[in-house]
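Working from the sequences, and respecting the hints, build out all of it.
2 protein chains.
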Amino acid sequence: METITNSLQRIIPREANGKILKPYQGAFNNLGGGNRAAPPIPVSRPARISKQTKLCKDIREAIEKSGLANGDTISFHHHLRNGDAVVNLVMNEIAAMGFKDLILAPSALFPVHQPLIELIEQGVIRRIEGSMNGPIGKFVSLGGMLPDIPILRSHGGRARAIEDGDLHIDVAFIAAPTADDYGNAYGSLGKSACGPLAYSHIDSIYADQVVVITDNLVAYPCIPHSIPATHVDWVVNIDQIGDADKIVSGTTRITKSPTRLLIAKYAVEIIEKSGLLKPGFSFQTGAGGISLAVTKYLGELMAEKNITASFITGGITKYAVDLLHQGLVGSLFDVQVFDTASIQSLHEDPAHWETPVTYYANYHSKGCLVDRQDIGFLGATEVDIDFNVNVNTHSDGYLLHGIGGHLDVAAGVNLSMILIPSYRKRIPVIRDSVTTVTAPGETIDAIVTEQGISFNPSTEMGRILNENLKNSNLPVMSISELKRKVENITGIPQAPQLSDEIIALIEYRDGTIIDAVRKVIP
Amino acid sequence: METITNSLQRIIPREANGKILKPYQGAFNNLGGGNRAAPPIPVSRPARISKQTKLCKDIREAIEKSGLANGDTISFHHHLRNGDAVVNLVMNEIAAMGFKDLILAPSALFPVHQPLIELIEQGVIRRIEGSMNGPIGKFVSLGGMLPDIPILRSHGGRARAIEDGDLHIDVAFIAAPTADDYGNAYGSLGKSACGPLAYSHIDSIYADQVVVITDNLVAYPCIPHSIPATHVDWVVNIDQIGDADKIVSGTTRITKSPTRLLIAKYAVEIIEKSGLLKPGFSFQTGAGGISLAVTKYLGELMAEKNITASFITGGITKYAVDLLHQGLVGSLFDVQVFDTASIQSLHEDPAHWETPVTYYANYHSKGCLVDRQDIGFLGATEVDIDFNVNVNTHSDGYLLHGIGGHLDVAAGVNLSMILIPSYRKRIPVIRDSVTTVTAPGETIDAIVTEQGISFNPSTEMGRILNENLKNSNLPVMSISELKRKVENITGIPQAPQLSDEIIALIEYRDGTIIDAVRKVIP
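Protein chains in written order, with the working numbering: chain A, -3 to 518; chain B, -3 to 518.
Just so you know, these hints were derived from the structure itself, not from any lab.
Hints may be right or wrong, so weigh each one.
Note that identical chains are pooled: a pair holds if it fits in a single copy or bridges any two copies.
[As the list claims (entries may be wrong)] Quick list of in silico lysine-lysine cross-link-like pairs, DSSO-like style, CA-CA up to 30 Å: (1) Lys269 x Lys47; (2) Lys47 x Lys466; (3) Lys134 x Lys242; (4) Lys47 x Lys18; (5) Lys421 x Lys134; (6) Lys292 x Lys274; (7) Lys47 x Lys274; (8) Lys134 x Lys15; (9) Lys53 x Lys274; (10) Lys242 x Lys292; (11) Lys481 x Lys269; (12) Lys292 x Lys261; (13) Lys252 x Lys292; (14) Lys466 x Lys261.
This is the structure in structure tokens:
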């Protein structure tokens, strides 16, 4: 395989899956140009003329009517997370119908989708372009999808790829907790409620054919809706699109780990002492234990100082909803929710706003939300002394996680902080060089661990924070110092056993390749 | 000028404005195909990188930044109706900057835009593609825009033309009663509140450059919003985008004319006696005096019979809002509002739903709203014995009105009724042949006048109604009988004095030309 080197000195293939690749050249160097994808022009005729209905009797009929062909690209969203039943149902039907060589373009896959491995082995699925959390990622790490090479994209990057025409979807299947027979679809009502349908909105615009699959068919018109009928070709009503208990948590819980609580405390202190805690500030957290603690601590500090935020972006949990309802934040931008309280708030509160992914994070839009955010609190599996961040592979080299909005948020916000325990199972997270670069160091301002805090001397914000906080009571140190301190506890880690063979690509939000993932030698 | 004949035997030019025209061949014969327009790919970078803001100090700066060039096409929406200040402000600035040969593509123009005539004469504006209510229409009727030929489109037809790439917009100017500095724009708040921004939504998606002009700049983020920041390049904050008193009425009033009330009464009786008044039925009315009376009478009948409608589409007025709040209708689809009560309802009630025009009526979508409506109550300036309807020209030949959603609704609904007084100023409305065909007879089921009611024998619904109601107490008669009856009152009307010269085209919703408008000999 012919390889080239990108601006981070990462070695990537010159081409993959029959396409020439563009190497990453910096976070903001690709300035757009060219034209967006141009979907086919459909036609709308009343039923008295067309003698047709969109409603199909089952998934097979919808697949037949969609005109699916061997080699096509099909897509799914992941709002049902590990409770999703739709991907497996559709793929099993597709396999039973004898289709081959399909390219799967989900926003993300979860452990529940492990049965797809068999369909990959049978040649029904030729390639996956999307995040693969867990077993399918592990399967890919061992070379299971070669000679095809999966491509992983961030939330914003996936929207960009679809909108720019890099990722053409032939048929999009949209799991919808509520829908009518014309395809208006909504996520916050129904027994399988999942909140927003934000990941699938872009698929619904650009896919040649769109199939809505619901288990709560309501009388026309379904209002409110997230996906409009004008985007939908076919509708199927089935018994169960998912397992409600696994779609969202009844409650999301803050970590009880003293280490993680200390990291959250440090993060909030940095915000407070740096002068960033100003009226109208904005931030984003996730649903992990540290994130929830940050939301809670920050909320308490805001209440104490009587400072109101303009918005929170998420990954929304009840901790963010509580801040909205206490009047401590003006609005919530919601790409996905993690608990039932957040679904109810999204349905009822006009200030809790469903946010299509292109609005949230598309670099090739006229101005996305992450570019207006002040602070992003993010995670990592590894960071390195150049502040590059890995969220995809573990230190043993296995590709076990998707990107989410990570690198989009890191690039957009004024202050991006990585909040991580300094080691996990005695494996240090700070490396000379990360196994995989997901987010480039130029977009990361701070690394916060329980052992110490490092600010990036290469970013303006990193330099400001270092200047402002170096004499504070916070344990500020250089990243090299922090690395040494952690290694004094854990010892020097072993390098993962990897072959040269490339088994997946990490695409940056601008469509360039930021890194390649190597095959694990087990 | 070389001419051809379409399927309604209307003589139209073979080409206009340098483009070959497609003749109308039937309401549902064009089945799409080809691909949609592909707008340029933009880029979104945070201000710390781009060193830019979207906020311009004045309209001139926004025009400069938009890169406007001579010959470009620019667009506006008409939600501010005759209270709009933005079209004149922008066009005067454009004229002052010395631009020439522009093509204006507003959704509609009103009498307040009369000053544009001077800019047409000066060559600043070369052509208008859009509805022209009043003085500009009259100016066009006298050949004022020749050799260019304006094109009039319906609401759905304009969305289709933009989406299909037939109408490329270089710069869209969007008057926004509320907006933030990133371009999120909303219509239902602010001193110039106008309700939905539904007409401009499609412009915001497809225009190369989008300028939001507001007189109520709010702190970021503007939530809720109708136009997302991802669609907007530039924002301008000015003193006054319009005259609130002329944007909407404080109240809309039902006609007091006994003739018009009788027509409304007949219309409701037809619905009642035909069996169409069933739970879950749907309908659309406008803001004219007869329409308001229909909404009121129908509402009273629904209450009496305890029948609930699924939705009303509009043109929303407080009469429709009252039905929503009385629980007699499940939801309102709102393309524009006509009174302040409707604005408040749109802002506050989740069942009152802002409806982008492509969702409402785009024939080249995957299923638009009008195709799911049961009944449309519509107006006309003339009808003819083939049930063709004219809403554009008066019987003296002057082009004084836009199309609105008229021909979209007529084509979509199961029952389209034209509600008109049989004569106006002693000029009969029923003709051998309408001066201009706006909606083809095949899409019109009934003509209802105070002198009699005619059902179209060429449509299935017309035949059903005729069969069901011919022996009722309603004055059902053939269209020829009705015409004779009216002419017995009015006398035979004079034909308008028209030359052969074509001064405007009426484009059907599928992009074909349904009729040409001739120059008036004054």
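Status of the hints after comparison with the structure:
no.: 1; hint: Lys269 x Lys47; in the structure: between (67 Å within a copy, 26 Å between copies)
no.: 2; hint: Lys47 x Lys466; in the structure: between (73 Å within a copy, 28 Å between copies)
no.: 3; hint: Lys134 x Lys242; in the structure: within (22 Å within a copy, 65 Å between copies)
no.: 4; hint: Lys47 x Lys18; in the structure: between (48 Å within a copy, 26 Å between copies)
no.: 5; hint: Lys421 x Lys134; in the structure: within (19 Å within a copy, 81 Å between copies)
no.: 6; hint: Lys292 x Lys274; in the structure: within (17 Å within a copy, 52 Å between copies)
no.: 7; hint: Lys47 x Lys274; in the structure: between (60 Å within a copy, 22 Å between copies)
no.: 8; hint: Lys134 x Lys15; in the structure: within (25 Å within a copy, 57 Å between copies)
no.: 9; hint: Lys53 x Lys274; in the structure: between (55 Å within a copy, 26 Å between copies)
no.: 10; hint: Lys242 x Lys292; in the structure: within (24 Å within a copy, 49 Å between copies)
no.: 11; hint: Lys481 x Lys269; in the structure: within (24 Å within a copy, 87 Å between copies)
no.: 12; hint: Lys292 x Lys261; in the structure: within (10 Å within a copy, 62 Å between copies)
no.: 13; hint: Lys252 x Lys292; in the structure: within (13 Å within a copy, 62 Å between copies)
no.: 14; hint: Lys466 x Lys261; in the structure: within (17 Å within a copy, 81 Å between copies)
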